[in-house]
Amino acid sequence: MFDAVFGFLYQFGDAFAFLVLCATGLAVIFGMMWVINLAHGEFIMCGAYVTVTAARAGLPLALAILCGAVVAGLVGILVERLVIRHLYGRPLDTIVATWGISLIAAQGTLIVLGPGLPGISTPLGSISAGGLSYSVYRLVLMATALAILAALYLVFNRTRFGILARATIQVPHMAEALGVDTRLIYSLTFGLGAALAGATGGLYAPTMTMVPTMGAQFIMEAFVTVVVGGADVFLGTAPAGAVLGLVKAAMTSWQGQLFGQIGLLIAVIVVIRVLPRGISGFLLRERS
Amino acid sequence: MSEELLLSVHGLRAGYGGKPVLQGIDMDVREGEIVAVIGRNGVGKSTLMKALIGLLPADAGSIQLRGQAIGALAAHRRARLGIGYVPQGRDVFPRMTVEENLLVAGTGDLGRIYALLPILRERRRQVAGTLSGGQQQMLAIGRVLVGEPSLLLLDEPSEGIQPSIVQDIARIIVELNRDGGPTIMFVEQNIDMIRAMAQRCYVMDKGRVVAELAPEALEDRDIVRRYLAV
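So the sequence lines, in the order shown, correspond to chains A and B. Here our numbering is used: the first residue of the first sequence is 1, the next is one more, and so on. Here our numbering is used: the first residue of the second sequence is 289, the next is one more, and so on.
Chain B with its partners taken away, still in its complex shape:
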């Protein structure tokens, strides 16, 4: 595994309408890693994801992708530089077909995506708004992969999905990463999914990174209670 730094965040501050949410985030992600961002509800995990892709402007601090400052770029420019984003709630284009959803992210080879997620080939003519939650999650992941991102940001991939599919999604993402696919940073509350995927966890509290854990540490119930319990 390469030790090269892919993403480097320093002193990142952002918020909504003058109300600060992120209060100085520092983190580094190396090429090929799978990093989880964990923490209680409302500590700013989703806000961090939005600030990294550029849907929320940063108030201060720096974001570097492979040493290039991207903190002032529009979201579509960051996407073209290799950041992929799968939001909480998935945000498929509801009145477009599965295949049209995939084509929004690029004109690349869809065969690769269909091989990885066969359900999308089966449903490619179906209107995305009529898919189940799990299928929409598969579509959101397939869609972002069309753009061949080098860094994939996933916001709560397990949310609203039945447990058997959560395991499928975790397996697909880990295999993808292992086979030379994107570096992954994901926000998650589901302990099973964190343990199935993460190599390293950042713990957030009140808009800051307060600890860095190995996923095995989540077997300790005291730690889970301290950082995750509501």
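Pulled out of the complex, with its shape left as it was, chain A reads as follows:
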């Protein structure tokens, strides 16, 4: 009995961590700037590539992941300055532009770095319970997902940047008139979203094969979670990760991986039919 419960909780925690980590970067950029970033997967790939390269050069994994996040964040700021900045208030144009960036980044990586990089092995070994073995690293990922949510909450509610960023999303012209450099805030917010994507890539790099198109393996879960959660990272992404994690874990332990994915898609269809503005849209309306 204990083994079955532990097994299910592990499945659930693993799905929750993956959904939340996939989605936070996308959710920050969508929730704060209403930009739908189709290049999200390539920021994840960028973080993973940098992490693997740094780790193979001898850096401890945690530091290598940090490098991945920082590089992806800087690339994000560059992309915002060069492309996204000129497209605010034009959501469809932003989708096309970020899709273009996504294709260029994936194909460019293929041309420059070839079809793959040698990976790194999953650290920390495994523990066994009831005859099955569980990866310790995946338990670390669960804790990391919670830690990133907590850190984001603190950033947006307890720091100067957070206050200015929330003011800028709520009434941009008024923030500007009060002396807030809103263009800088948009740049930094996009950079933060890209850095979160990079961290996700770095965190999952030891569990994956390094190929230029690896971003695609994250993008479905990322969009599903943001669509279900709505525009608010804390009221949306976290509960959406929990609900979808439960669905995925239940379906996977019942019928396997494929049914886990099918379960996710069905859950999305049901949720957007019932709550068109996602979980956070529903919660915010109830509260006000």
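By construction, these hints were calculated from the structure, which means they are not laboratory data. None of the values given here were measured: they were computed from a predicted structure. Treat each hint with caution, since some may be false.
Unchecked claim - Taking beta-carbon pairs under 7 Å as the criterion, some of the chain B residues facing chain A (in silico): (1) I341; (2) L361; (3) A367; (4) L369; (5) Y373; (6) G377; (7) F381; (8) E388.
By construction, the Cβ of each residue, glycine as well, lies at the ideal position given by its N, Cα and C atoms.
Please build the complex by placing chain B on the supplied structure of chain A, with the hints as guidance.
Then chain B, alone, in the frame of chain A:
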């Protein structure tokens, strides 16, 4: 009172999408003054305020603050140079608390603001979107004062607020100005508020300044009918 020129506007033109609204505005505001901008609906009063703070780009003309040309600067740069703006409709940040709203404008001493507007201290943990119209106006004024502006632009401070509070707001602004606070330029339709606050009135019509009046002139019903009646 110092006679130094604070704001100087010459030939200012601005509009929306090629449609001109301001058609060559000239005005001068000296340090310490309280100046009203009056006129009928649609003559460009709010547009003038937006062009001065920089939310609307000027098509032509010059704006100088203490002799420095600011007409090409972004709004946040003008704010940091000392222009404060309280828009029509107040534009508080609705999903932030009163205190967070104040902190957007600067990290200065909020005690001063709370002493001036005690209601804000009482409500400092309340979400701004749930305040009444009058309280939101107090918040918008308190918020702009955190940045210690030298020139305060107020767009229809009486709009949508009950008469007793209009008098409170007028009194607070006049006292603030008298005690060494900001120079004030405000757009207003409410005759009582204009008379309670203004030392001088610019009258606008069709995107231009067409007259300059003493507030006492507003006791003349012919003048009111000519410049203000719809």
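Practice prompt. Sort out which numbered hints this structure fails and list those numbers smallest first.
Written response: 2, 4 and 6
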